[in-house]
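Participant: Sequence:
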Amino acid sequence: MHSSHSSDNHGDTSLDHKIINLFHNGNIQVLKETLLHEIEHVLMEDILKSTSGISDIDEREEAMIRLVNPRRMLCTSDNKELFAWIYGLDKAEVKE
Numbered sequence: 000m001h002s003s004h005s006s007d008n009h010g011d012t013s014l015d016h017k018i019i020n021l022f023h024n025g026n027i028q029v030l031k032e033t034l035l036h037e038i039e040h041v042l043m044e045d046i047l048k049s050t051s052g053i054s055d056i057d058e059r060e061e062a063m064i065r066l067v068n069p070r071r072m073l074c075t076s077d078n079k080e081l082f083a084w085i086y087g088l089d090k091a092e093v094k095e
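Residue numbering for the sequence shown follows numbering that gives the first Met the number 0, starting at 0 and increasing by one per position.
Treat the hints with care, since some could be wrong.
Mimicking DSS-like on lysine-lysine, the simulated pairs with C-alpha atoms at most 30 Å apart in a straight line are [unchecked claim]:
| id | residue 1 | residue 2 |
| --- | --- | --- |
| 1 | 48 | 79 |
| 2 | 79 | 31 |
| 3 | 79 | 17 |
| 4 | 48 | 17 |
| 5 | 48 | 31 |
| 6 | 17 | 31 |
If you anchor each label on the Cβ, the simulated ranges turn out as follows [as the list claims (entries may be wrong)]:
| id | residue 1 | residue 2 | range |
| --- | --- | --- | --- |
| 7 | 21 | 75 | 12 to 20 Å |
| 8 | 23 | 55 | 36 to 44 Å |
| 9 | 39 | 88 | 12 to 20 Å |
| 10 | 80 | 25 | 16 to 24 Å |
| 11 | 43 | 87 | 34 to 42 Å |
| 12 | 15 | 74 | 16 to 24 Å |
| 13 | 89 | 22 | 17 to 25 Å |
| 14 | 20 | 87 | 20 to 28 Å |
| 15 | 28 | 63 | 35 to 43 Å |
| 16 | 70 | 31 | 15 to 23 Å |
| 17 | 17 | 80 | 15 to 23 Å |
| 18 | 18 | 71 | 15 to 23 Å |
| 19 | 80 | 54 | 14 to 22 Å |
What the hints contain is simulated information worked out from the structure, not anything from laboratory work. No residue lacks a Cβ here, since even glycine has one placed at the ideal position from N, Cα and C.
Work out the full structure, taking the sequences as your base and the hints as a guide.
Facilitator: Have a look at this one:
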């Protein structure tokens, strides 16, 4: 998936090249939300395809969660500083 930059597109992900591109418009909150959105694309890679044969919606949902959860846990534990920044938990943004 690779799309061009437009006013509605703040980022894209190239799964083939393992690259997330962000287009910063000056709004840090939009940048953070876009990064999190693109990370979700990476986490969901192949999960929809691998669960497409499950016709029962509850079973499909359960399978998707079961597949994405370990990916999300690994991603967040391997990138603690990045996720602290995304969620505003880093020391630079914590206000007392």
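Participant: Now, for every hint given, state plainly whether the structure supports it.
Facilitator: Structure-based check of all given hints:
1. 48 x 79: Roughly 29 Å between the alpha carbons, so the hint for residue 48 and residue 79 holds.
2. 79 x 31: 14 Å, holds
3. 79 x 17: Cα-Cα ~19 Å, so holds.
4. 48 x 17: Cα-Cα ~19 Å, so holds.
5. 48 x 31: 27 Å, holds
6. 17 x 31: 19 Å, holds
7. 21 x 75: 12 to 20 Å: For residue 21 and residue 75 the Cβ distance comes to about 19 Å; the hint holds.
8. 23 x 55: 36 to 44 Å: 42 Å, holds
9. 39 x 88: 12 to 20 Å: This hint holds: roughly 19 Å between Cβ atoms.
10. 80 x 25: 16 to 24 Å: Between residue 80 and residue 25, where Cβ atoms are some 23 Å apart, the hint holds.
11. 43 x 87: 34 to 42 Å: 24 Å, violated
12. 15 x 74: 16 to 24 Å: Holds: the Cβ-Cβ distance is about 19 Å, inside 16 to 24 Å.
13. 89 x 22: 17 to 25 Å: At roughly 22 Å between Cβ atoms, residue 22 and residue 89 fall inside 17 to 25 Å, so the hint holds.
14. 20 x 87: 20 to 28 Å: Roughly 23 Å apart at Cβ, these two residues keep to the hinted range, so it holds.
15. 28 x 63: 35 to 43 Å: 28 Å, violated
16. 70 x 31: 15 to 23 Å: 20 Å, holds
17. 17 x 80: 15 to 23 Å: 20 Å, holds
18. 18 x 71: 15 to 23 Å: 20 Å, holds
19. 80 x 54: 14 to 22 Å: 42 Å, violated
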